[in-house]
Amino acid sequence: MLNYESISELIEAAEKTGKKISEIVLEEQAASLEKSPLEVYEKMELDFQIMCDSVKEGQKKEQRSMSGLTGGEGFLMNEYALKGKSLCGEFLSKAMSRALAVAGCNASMGKIVAAPTAGSCGILPGCLVSLYEDRGFDVESIVMSMFTAGAFGLVIAERASIAGAQGGCQTECGSAAGMAAAALTEVMGGTPSMCGDACAMAIASQLGLVCDPVAGLVEIPCIKRNVSGLMIAFSCADMALAGIEAKIPADECLDAMREVGDSMPASLKETAGGGLAMTPTGIRLRKQVYGD
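Be aware that the sequence shown starts at 786, since it is given in the numbering used here, and climbs by one per residue.
Source of the hints: derived by calculation from the structure; they are not laboratory data. Here a beta-carbon is modelled for each residue, glycine too, at the ideal position from N, C-alpha and C. Keep in mind that a hint or two might mislead.
No more than 27 Å apart at the CA atoms, straight line, and that leaves these computed lysine-lysine pairs for DSSO-like [claimed, not checked]: (1) K870 with K841; (2) K1009 with K846; (3) K868 with K845; (4) K845 with K1009; (5) K868 with K841; (6) K1032 with K804; (7) K896 with K870; (8) K820 with K846; (9) K896 with K820; (10) K841 with K1032.
Across the chosen pairs, the derived CB separations fall in these ranges [what the hints assert, rightly or not]: (11) Q1073 with G1028: 43 to 51 Å; (12) G993 with P1065: 17 to 25 Å; (13) G921 with G1028: 36 to 44 Å; (14) A815 with T1066: 48 to 56 Å; (15) G1001 with F922: 35 to 43 Å; (16) P1065 with A950: 34 to 42 Å; (17) E918 with E827: 18 to 26 Å.
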């Protein structure tokens, strides 16, 4: 396992060696596991293939969640993107479709990569599969960026949280957006410091987001929040690549996220006791699933 306690330590280690964050992470992970870098890389490449497969599974028209509350969102968004009328353009609309598809695949008991959680599983693949399939980036660059995303995720988990039950959705979709923003920045040629800025801005953009799943299921509003996280990841990566600094360092953003999560009532931390889960429609949908 990596021994970094902060994003700043990750960035400093990469800058000292003149390497990408992903390169030092791969080397250290291989040494820790007593495996060759190639073996560790191939395991991550398999995870990326699972991401690609979950996109395809989730874009099937007939896909439906076990509860019956959701299904087909990835398919509908992809059909819309292909019409060429999207406000966001075809690339981003197809990326949205992929995020919806993976989150929908999870809701229908399909195989996904929790990156970092099942509730936020559509954000990282939505970003990276889009670069691979629509922008022509080679698979090695994409897979290597996943090591950067993973390293950021480990720091986030240790310094703050990645669990909605502990810190709200800011720690699930927010963390995934931060990880994805860092990965995107590296793929696009950004420096380690830019990766940190992208992550910080993404975390700050979802600070305070509550976890309020309707009927206690990771479907409503969770699936659509994956799209919000994806859009935040792309926009924050672009800001960092443009030379815009976060101003509040990533580690301080994580400390703030932990503090905010600790101050949230239990009703807003995955218990379905507040927020959208307790709206009239949320209560009706819960009864639809479980009965009175």
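>> Let me make sure I understand: some of the numbered hints might not hold for this structure. Which ones are they, in numerical order?
In response: Numbers 7, 8, 10, 13, 16, in rising order.
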